[in-house]
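Enquirer: Below are the chains, spelled out letter by letter.
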Amino acid sequence: MTGLEILRTGPQATIQDLGRPGFAAIGVGVCGAADRGSLRLANRLVGNAEGAAAIEATLGGLVVRGRGDLVVAVTGAPCPIEVGGRGGAMNSLIRVPDGAAVALGTPERGLRSYLAVRGGISVPPVLGSRSTDLLASLGPDPLDSGRLLPVGPAPQGFPPVALAPVTPPSGGELRLRVVPGPRDDWFTEHAMHTLLSEPFEVTKDSNRVGLRLSGPVLSRRKDGELPSEGMVIGALQVPPSGRPTLFLADHPSTGGYPVIAVVMAADVDIAAQARPGQRLRFAVTGRRPVPSGE
Amino acid sequence: MRVLRCADSGVLVELDDLAAVLALHAALTNEWPPGVTDLVPAARTLLLRLDPLLADPADVERAVRTVRPVASTRREEARLVVPVSYDGADLAEVARLTGLSEREVVRAHTATEWVVAFGGFTPGFGYLTGGDGRLTVPRRAESRTRVPPGSVGLAGEFSGIYPSASPGGWQLIGRTGLEIWRPDRDPPALLRPGVLVRFTEDGP
Numbered sequence: 039m040t041g042l043e044i045l046r047t048g049p050q051a052t053i054q055d056l057g058r059p060g061f062a063a064i065g066v067g068v069c070g071a072a073d074r075g076s077l078r079l080a081n082r083l084v085g086n087a088e089g090a091a092a093i094e095a096t097l098g099g100l101v102v103r104g105r106g107d108l109v110v111a112v113t114g115a116p117c118p119i120e121v122g123g124r125g126g127a128m129n130s131l132i133r134v135p136d137g138a139a140v141a142l143g144t145p146e147r148g149l150r151s152y153l154a155v156r157g158g159i160s161v162p163p164v165l166g167s168r169s170t171d172l173l174a175s176l177g178p179d180p181l182d183s184g185r186l187l188p189v190g191p192a193p194q195g196f197p198p199v200a201l202a203p204v205t206p207p208s209g210g211e212l213r214l215r216v217v218p219g220p221r222d223d224w225f226t227e228h229a230m231h232t233l234l235s236e237p238f239e240v241t242k243d244s245n246r247v248g249l250r251l252s253g254p255v256l257s258r259r260k261d262g263e264l265p266s267e268g269m270v271i272g273a274l275q276v277p278p279s280g281r282p283t284l285f286l287a288d289h290p291s292t293g294g295y296p297v298i299a300v301v302m303a304a305d306v307d308i309a310a311q312a313r314p315g316q317r318l319r320f321a322v323t324g325r326r327p328v329p330s331g332e
Numbered sequence: 135m136r137v138l139r140c141a142d143s144g145v146l147v148e149l150d151d152l153a154a155v156l157a158l159h160a161a162l163t164n165e166w167p168p169g170v171t172d173l174v175p176a177a178r179t180l181l182l183r184l185d186p187l188l189a190d191p192a193d194v195e196r197a198v199r200t201v202r203p204v205a206s207t208r209r210e211e212a213r214l215v216v217p218v219s220y221d222g223a224d225l226a227e228v229a230r231l232t233g234l235s236e237r238e239v240v241r242a243h244t245a246t247e248w249v250v251a252f253g254g255f256t257p258g259f260g261y262l263t264g265g266d267g268r269l270t271v272p273r274r275a276e277s278r279t280r281v282p283p284g285s286v287g288l289a290g291e292f293s294g295i296y297p298s299a300s301p302g303g304w305q306l307i308g309r310t311g312l313e314i315w316r317p318d319r320d321p322p323a324l325l326r327p328g329v330l331v332r333f334t335e336d337g338p
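The listed protein sequences derive, respectively, from chains H and G.
Going by the numbering used here, the first residue of the first sequence is number 39, and it counts up by one from there.
Going by the numbering used here, the first residue of the second sequence is number 135, and it counts up by one from there.
Everything labelled a hint here was simulated from the structure, so no lab data went into it.
Glycine included, each C-beta is placed from N, C-alpha and C at the ideal position.
Mixed in with the good hints, there may be bad ones.
To be verified - Covered stretches of chain H, as calculated for chain G (at least 3 residues, CB under 8 Å):
no.: 1; region: 241 to 255
no.: 2; region: 271 to 281
Stated by the list, open to error - Negatives, chain H to chain G, calculated, CB over 10 Å:
no.: 3; residue: R105
no.: 4; residue: G122
no.: 5; residue: P178
no.: 6; residue: Q194
no.: 7; residue: P203
no.: 8; residue: P220
no.: 9; residue: R221
no.: 10; residue: T226
no.: 11; residue: P265
no.: 12; residue: V301
no.: 13; residue: A304
Generate the whole structure from the sequences, applying the supplied hints.
Expert: Given below as structure tokens:
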């Protein structure tokens, strides 16, 4: 039986696929890979369906050993890779002979790396997905050393490319495209201008639920409570403190704080690679700039 | 109705009242727009979550504005009976707030059918509405750090059951042994939007 034995997990490693959409009405979040684009690429490289389950490793450090001959790929935050003692490359097909270990070092830029294996990680799905939901305790447990993960049968076709050229995550200021709303009318014009012109910093309280940002306060124009409403990934939700949270994969289904703007879906992948201390700037896409001043 | 954009990940529809939310939810469930991955009803809104690779928000908005209503009698709703031991920590306080006796609170809670309007704050939780209006009470001034699983409560116009232990500010009037949330069961959640609920009093 082919499998992946976990030898070391690094700071945090979980199994993720593209999540379990469709259950918000019973309070179950989507979860799935925080950087969905990188998961999809890793799967395509090894010839899997894009939504196959893989390992999401936070700040590298993951060490796995193959049982049976395996083919893997590592995408996302660039890690030094060693396979059976030799160097391996990011974003490429890596052959792992039976018994060889794959070791990821610590990435210098970016936060989350994805290790996909040809055949996919085939733990039993829960509510249609193999993703770990840390808050609701759904799906597989976070990875622990000693765990043996089953690998599914190899898919029919073999991928046509062995290497993908990918722009690596930036270590500097990140620019994220947003669309104002849905609750931009809850905020002053000055708040919107601030959002679109000042940098915000990712704090250490950030995790898969969202990036908690420090920076200028975003002031409300309206008093009172917003009745809880459905939330989307990439939402910039602003609690009474005036400091926004940028929702990532494990965000709650509903929320009672107004969302001033939402990051475009493709740019959420960029946000998912932001490390504490990195700065973010938001820019409106496809609309005229908000005039400055009140 | 007001239709608001959530970038390319959602379309948020604002409606006049809960009845309008549930009607639109039923209509769109019947005529599911392409590229929509989920419908999230709430007290005054319905969110359509979109797959940005498949859905155009403008097309989805058009679908929302032109969807055909569904006659409510056409839906076969599940009915759920929830046996409750009415010995909740806030039963006396609810009696005081409503001006009813504790027995009258229990009778009001069990006399009529409630309907699950929407879920959301934790897996398996459903906001029940449509019960006796005399039971409208504010949330507790202070939230409890731990509400035991199965606790039955009231807050505002809603009743609810905590599917698992969690912090909570609802007024607790009783407890049920019914497992309303089990991820490995089909269905995992007993309280889904539209389910009709009848509370009954458990023997002593």
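Enquirer: A separate judgement is required for each hint: does it hold in the structure or not?
Expert: Now the hints, each set against the structure:
no.: 1; hint: 241 to 255; in the structure: violated (count 0)
no.: 2; hint: 271 to 281; in the structure: holds (count 3)
no.: 3; hint: R105; in the structure: holds, 27 Å
no.: 4; hint: G122; in the structure: holds, 37 Å
no.: 5; hint: P178; in the structure: holds, 12 Å
no.: 6; hint: Q194; in the structure: holds, 24 Å
no.: 7; hint: P203; in the structure: holds, 21 Å
no.: 8; hint: P220; in the structure: violated, 4 Å
no.: 9; hint: R221; in the structure: violated, 8 Å
no.: 10; hint: T226; in the structure: holds, 18 Å
no.: 11; hint: P265; in the structure: violated, 4 Å
no.: 12; hint: V301; in the structure: violated, 7 Å
no.: 13; hint: A304; in the structure: violated, 7 Å
In terms of the numbered hints stated before, the structure departs from hints 1, 8, 9, 11, 12, 13, listed from lowest to highest.
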